[in-house]
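Participant: What follows is each chain in one-letter form.
2 protein chains.
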Amino acid sequence: MSQGTKDTITISLDAMGGDNAPASEVAGAVETVLSHDGINVILVGDEGKISGELKKFSFDNSRIRIHHAPDVIEMHESPADAIRKKPNSSLVVGLKLCRSGESNGYISAGNTGAVMAASLFTLGRIANISRPTIGSRFPTEKGITIVFDVGANVDCKPVNLLEFAVMGSVYADHIYGIDDPTIGLLSVGEEKSKGDTLTVEAHELLEKSGLNFVGNVEGRDILKGSIHVIVCDGFVGNVVLKFAEGVLGILKSKFKDYAEQGITRKIKAGMAYGTLKTVLKDFDYQEYGGVPLLGVNGVSIIGHGRSSPKAIVNMILRAEQTARAKINDIIAAKIKNIKEFVPGTL
Amino acid sequence: MSQGTKDTITISLDAMGGDNAPASEVAGAVETVLSHDGINVILVGDEGKISGELKKFSFDNSRIRIHHAPDVIEMHESPADAIRKKPNSSLVVGLKLCRSGESNGYISAGNTGAVMAASLFTLGRIANISRPTIGSRFPTEKGITIVFDVGANVDCKPVNLLEFAVMGSVYADHIYGIDDPTIGLLSVGEEKSKGDTLTVEAHELLEKSGLNFVGNVEGRDILKGSIHVIVCDGFVGNVVLKFAEGVLGILKSKFKDYAEQGITRKIKAGMAYGTLKTVLKDFDYQEYGGVPLLGVNGVSIIGHGRSSPKAIVNMILRAEQTARAKINDIIAAKIKNIKEFVPGTL
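For the record, the sequence lines run as chains A and B.
Each residue of the first sequence is one higher than the one before, counting from 1 in my numbering.
Each residue of the second sequence is one higher than the one before, counting from 1 in my numbering.
Simulated from the structure, these hints should not be mistaken for lab results.
Mixed in with the good hints, there may be bad ones.
The list treats identical chains as interchangeable, and a pair is accepted whether it falls inside one copy or across any two copies.
Derived lysine-lysine pairs resembling BS3-like cross-links, with alpha carbons at most 27 Å apart [to be verified]:
{"#": "1", "residue 1": "K208", "residue 2": "K157"}
{"#": "2", "residue 1": "K55", "residue 2": "K326"}
{"#": "3", "residue 1": "K266", "residue 2": "K157"}
{"#": "4", "residue 1": "K194", "residue 2": "K224"}
{"#": "5", "residue 1": "K85", "residue 2": "K194"}
{"#": "6", "residue 1": "K277", "residue 2": "K310"}
{"#": "7", "residue 1": "K277", "residue 2": "K224"}
{"#": "8", "residue 1": "K224", "residue 2": "K266"}
{"#": "9", "residue 1": "K266", "residue 2": "K142"}
{"#": "10", "residue 1": "K142", "residue 2": "K277"}
{"#": "11", "residue 1": "K142", "residue 2": "K310"}
{"#": "12", "residue 1": "K192", "residue 2": "K85"}
{"#": "13", "residue 1": "K277", "residue 2": "K252"}
{"#": "14", "residue 1": "K96", "residue 2": "K85"}
{"#": "15", "residue 1": "K49", "residue 2": "K252"}
{"#": "16", "residue 1": "K55", "residue 2": "K256"}
Okay, chain A solo, but in the shape it has when bound (with noise of 0.2 Å):
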């Protein structure tokens, strides 16, 4: 795993993006250059606003400049539609600033699909990525485990997984640190005839990839934290994601129909509740700092629309990480290196 340069990274953020914006991205930013050295950020939106937002805070200004950007998207908007009524647009201008080079990482906490969509058009694929990909920390028993995809690309072709796996083996590396992390297939058995035609199929090209390929998996792997990369497709991953995301509310709830059975009941709950959410504080999805869009030419990381400042400072840490690990140039060399040993992949 390699550490990269300690050269200054800077970070374009999309501050008009979140449910909360600017308020969270101006914050998480200044938490950032606080607390964090070699980090400059880019915040990119309307200018009135922003620096309204920021004269709450004391700060070093070289570190946070303001670009404006008067567009904004908002979250029912066609993606599509979008990026081209709107190419000055926050959302879309943070990434032409990664593009030109002027920063080295872009995050948002947008329209998931928009970001997407924009990625793509404004930066362009990684050569031997048909497809990017979103991947997703979940919560597990113990240990690491990253699902790609959580939401890119509903309708898939086994190339397409085999190159999610490759995409998640080099994050989980050099992101995560794992020494030649474990992949598995999100199938409904262990045996690799057992499957749809796209899992079956995939499995024949990843057991024959080199990488660490250890078969198919089942949902509830998912959770047990033993294998560090689950490729699935996007349509299966998202529902699986938006279901965990579910789980907290329904404890909640319940725990909410316990405590209204009676006093004894009540204060129980109450005790037991307390515990449950520091036992629980995994399935808080502002912890991990968004979810890297991978495969495309350049750093973006896509948040949650609820990101609170806290969850911003985590999604530029992570771009940060990410552009200093120049993971990109990783998994050009690895796909190209399986593409051309496996047949049919290229």
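Based on the hints, put chain B in the right spot on chain A.
Facilitator: Same frame as chain A, now just chain B:
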């Protein structure tokens, strides 16, 4: 909702199916006849082993009989091979009793794939149903949500999802007493344009079906319990089901880690865990009494390999209820009407 007649219902039970067979199966059968009128049980399997277990209990001998079936299908066997090579297995013979009318319904806690395949092979399909489906009730914040399909069909066409919706709707109505159940299509976004090719096309059919179709739902909606029947292909349904089954495991594991961080935390975790177990009894799949295989010409209920006697009782009661409700006749009439009405589905 029809309650059917009060004639005695006979259930044939694969007594050799589960991990703890025939002890759990025999105990469950005895418990059922001791606590419920109007249900007789045929225990199918190794006569010596079954009678050895039966001797431990006292009950009305006229209500439980043994039907000898010497072969046993193991969990690891290929379903298709096992059914062909072992026509005298308890799994297959129990179904033959159902086909011949000696029993009104069948339950097994054996290999799910083998039970599905044998049920389809032995009982045949309901007219106009191209693919039978297994549904699973999920724990929810409140209300009943059943997901179809959770593993019978990994590669689906849009018309299969329409069929699942019809079967699920009839089941929710006549088994759970839900009048005109709401139907959701599991996808990656609420808009009808969101999803993979399968769901986008299935959406069109469901809109025209005359069912109480509420549109696309997402992974988190499964846990909310606001939709009665959610349809999806069996690949994604199975992944989510197994993921959900893993949630209790990760909670236990996190509590254990927390408890190991000092005596105060140990006490807190102990108190909280008791509450949590009560709160989360909905996550205990033993409560639900197996999953129905719908679309076959008979009543077939499939249980978890680890089914306890209590789970066996619940499965027998579910089979009885399903037989009394004559839901296959209702499904046959409803699917015929809908297919004649929706272009391209016959």
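Participant: For every hint, state whether the structure bears it out.
Facilitator: Quick rundown of the hints versus the structure:
no.	hint	result
1	K208 with K157	within (16 Å within a copy, 30 Å between copies)
2	K55 with K326	neither (34 Å within a copy, 71 Å between copies)
3	K266 with K157	neither (51 Å within a copy, 49 Å between copies)
4	K194 with K224	within (20 Å within a copy, 30 Å between copies)
5	K85 with K194	between (45 Å within a copy, 21 Å between copies)
6	K277 with K310	within (18 Å within a copy, 32 Å between copies)
7	K277 with K224	both (19 Å within a copy, 20 Å between copies)
8	K224 with K266	between (32 Å within a copy, 22 Å between copies)
9	K266 with K142	between (31 Å within a copy, 19 Å between copies)
10	K142 with K277	both (17 Å within a copy, 21 Å between copies)
11	K142 with K310	within (23 Å within a copy, 32 Å between copies)
12	K192 with K85	between (47 Å within a copy, 23 Å between copies)
13	K277 with K252	both (10 Å within a copy, 14 Å between copies)
14	K96 with K85	within (16 Å within a copy, 65 Å between copies)
15	K49 with K252	neither (36 Å within a copy, 46 Å between copies)
16	K55 with K256	neither (41 Å within a copy, 46 Å between copies)
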